[in-house]
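*Asks:* Take a look at the letters that make up each chain.
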Amino acid sequence: MGSDALNVGNLDSLEKSLGAVFERKDLRFLVVDDSGTMRRIIAKCLKDIGADTVIEAADGIDGLVKLKTAGKIDVILTDWNMPNMNGLDFLKKLKADAAYKDIPVIMVTTEAEKSSVLEAIKAGAKNYVAKPFTADVLKSRVEQTLGISK
Amino acid sequence: MKAIVISEKSVLAGQVRQALSKCPAPWDVVPAPNAEKALPAIDPHSLVFLDYDLDPLVGRAALKTLLTAQDFRDVQVLLVGERSMETNMKDAVKAGAAGYVLRPLDDGALRSRAEEAVKPVGSRQKLDVRLINPFINATTEVFKTMAQMEVSRKDLFLKKNYHMFGDVSGVMGLTGVATGSVVISMPGQLACVLVGRMLGETPQADVTDSVRDGIGEMVNMIAGHAKAAFAGSEYHFTLSLPVVVTGGGHEIAHKTGAPCIVVVFEADGKEFAVQVSLSPEK
Ligand SMILES: [Mg+2]
Chain D
1 MGSDALNVGN LDSLEKSLGA VFERKDLRFL VVDDSGTMRR IIAKCLKDIG
51 ADTVIEAADG IDGLVKLKTA GKIDVILTDW NMPNMNGLDF LKKLKADAAY
101 KDIPVIMVTT EAEKSSVLEA IKAGAKNYVA KPFTADVLKS RVEQTLGISK
Chain C
1 MKAIVISEKS VLAGQVRQAL SKCPAPWDVV PAPNAEKALP AIDPHSLVFL
51 DYDLDPLVGR AALKTLLTAQ DFRDVQVLLV GERSMETNMK DAVKAGAAGY
101 VLRPLDDGAL RSRAEEAVKP VGSRQKLDVR LINPFINATT EVFKTMAQME
151 VSRKDLFLKK NYHMFGDVSG VMGLTGVATG SVVISMPGQL ACVLVGRMLG
201 ETPQADVTDS VRDGIGEMVN MIAGHAKAAF AGSEYHFTLS LPVVVTGGGH
251 EIAHKTGAPC IVVVFEADGK EFAVQVSLSP EK
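Residue numbers (the numbering used here), protein chains in the order written: chain D, 1 to 150; chain C, 1 to 282.
Since the hints were derived computationally from the structure, they do not count as laboratory data.
You may find that some hints are simply not true.
Below, a sample of chain C positions facing chain D; criterion: calculated Cβ distance under 10 Å [stated by the list, open to error]: (1) Trp27; (2) Thr175; (3) Gly214.
In silico SDA-like cross-links for lysine to any residue, where the CA-CA straight-line distance does not exceed 20 Å [to be verified]: (4) D/Lys114 <-> C/Pro134; (5) D/Lys44 <-> C/Gln148; (6) D/Lys44 <-> C/Pro134; (7) C/Lys144 <-> D/Lys114.
From the structure, some residues in chain D lie toward chain C, with a derived Cβ separation under 8 Å [claimed, not checked]: (8) Met38; (9) Pro83; (10) Thr134; (11) Lys139.
Model, not experiment: these values are computed from the prediction.
The beta carbon of each residue, even a glycine, is placed where N, CA and C say it ideally should be.
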C-alpha cells in the first residue's frame, strides 16, 4: 500500500512538471540551412522534444519568404554559411523587422571561432550551437532557449 | 623508388632500367606482362610504366585496374606509346594517368618524366603538421559526433598531383588570409553508410542527391571545425560553399601551388581520404 501511495505522489509531481511542457502547445520552428541533410537532422531533434511543426528553408531569403506564411514561430534555428543570404544577414534582417525581432534565434553553424560567436550574439542571436553537435546538445540548447523566451 | 614496367615485351623494362640508372636515387625496376600480374608488386607510392601500344579499350581497362586497385594512394601511371597513340594517351591522362612518353624512347626524356611524375606537387615540399593536425582532429570529431563512427588513420603523404580520389568528393574552397581547398573523397558505398548514419536511417543503395548533400555538409563541418584552430595564424581562412563531385579523376579547382597533403582514414572497414592544400599568407 505504501508503495502505491508513493506512486500516486510521483505521478502527481510528474504531471505537474509535464504541465509546463503541455502548456507549450503547438510548438513551431523554422530551420534554415542550405543542407537538406542538416535540416532533417535538426528537424528530428526538434520532433524529439515535442515540436509540432518544423518549417524548412534553404537560405536566408527563403527563410524570410517562409516566415510570411508561417504563422507563429517559437524559435528559429539558422545556419551561417549559406548561398544567397547567409545566416548573419538573415539574423540582422529579422532583428530589424518589428514582426520578427522577438522570435529567439539559435545559430547552428560550423563557425566556431570566438569572434564569430560574439558577432552573432551582438547581432541578436539568443543561443549558439557549433557544428558538429550531438543531438543532446542541440535539444538542450533549444529547451534552454524556449525557457528564456517565455 | 620502385618502378613497375607493364609490357608484353621485355624490351621496355630494359630501356626504363637503363634510363633510371642515371638518376641520383636508386630505382628498383620490376617487369610485369599485364596490369593484373603487376598488382602484387605495386606499393602505395609506386611509379608504373604502362606500354600503351595496345587496343585503346585494353589500355583503358589496364589503367583503370591500376588506379582503382590503389585508390586513396598515390600510384602514378606513365604511358609509353607510338605517336599514333597520342590521342588515346591524352584521353587516358584525363582519366587519371600521370602523363605519357612517346616512342622512340630517349633516356633523358624517360628519366625526366619519371622524376617529374614522382615529385610532390607544390612549391614547398615540407609537410607542416601545424596545418594538417586540425583537419585530422576535425575529421575524427565530425565522424564521431554526427555519425557515431570511429575513424582510424592509415596513411599520410604529400600528393604528386591535384587530382581527387574516389567515387564521391566533397570539396570546400578556402579563401581569406590563406587560400586553397579541403576535399573529402570516399567510395560511394561508404558515402551512403555515412549519410545514413548521420540521419539515423537505413543507408541508400546508390549515391543519390541526398547522399551528395550529406557529403557536402561533412566537408563543410570538417573545414569549419578545423578553421577555429587557425584563428590569428597565417593559415586562417574563410569558408566558401561546399561542392560535391562524383566520379574520380577530377582536379581540385583551387590550385595555389601549395603542397597537397593527403590523410587516408578507415571507417566502417573502408578507406577514405582527406586532402588539404592550403597556401599561407605570403
Ligand atoms: Mg551551410
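*Asks:* Regarding the pair D/Lys44 and C/Pro134, is the alpha-carbon distance no greater than 20 Å?
*Replies:* Judged against 20 Å, a Cα distance of about 30 Å means the pair is violated.
*Asks:* Interface hint check: D/Thr134, Cβ to nearest Cβ on chain C, cutoff 8 Å. Holds or violated?
*Replies:* 6 Å, holds
*Asks:* Report holds or violated for the interface hint on D/Met38, using the least CB-CB distance to chain C and a cut-off of 8 Å.
*Replies:* Holds. Min distance 5 Å.
*Asks:* Please work out if C/Lys144 and D/Lys114 have their alpha carbons no farther apart than 20 Å.
*Replies:* The hint is violated at about 23 Å.
*Asks:* Given the hinted pair D/Lys114 and C/Pro134, is their alpha-carbon gap at most 20 Å?
*Replies:* OK: D/Lys114 and C/Pro134 at ~17 Å, within 20 Å.
*Asks:* Does D/Lys139 pass the interface check with chain C, least Cβ-Cβ distance below 8 Å?
*Replies:* Result: violated, 14 Å to nearest chain C Cβ.
*Asks:* Regarding the pair D/Lys44 and C/Gln148, is the alpha-carbon distance no greater than 20 Å?
*Replies:* 16 Å, holds
*Asks:* Does C/Gly214 hold up as a contact with chain D if the rule is Cβ-Cβ below 10 Å?
*Replies:* 4 Å, holds
*Asks:* Interface hint check: C/Thr175, Cβ to nearest Cβ on chain D, cutoff 10 Å. Holds or violated?
*Replies:* Check failed: Cβ of C/Thr175 comes no nearer than 12 Å to chain D, outside 10 Å.
*Asks:* Identify whether the interface hint at C/Trp27 stands, where standing means a beta carbon of chain D within less than 10 Å of its own.
*Replies:* 45 Å, violated
*Asks:* Does D/Pro83 meet its interface restraint, that is, does its C-beta lie within less than 8 Å of any C-beta in chain C?
*Replies:* 6 Å, holds
In terms of the numbered hints stated before, the structure departs from hints 1, 2, 6, 7, 11, listed from lowest to highest.
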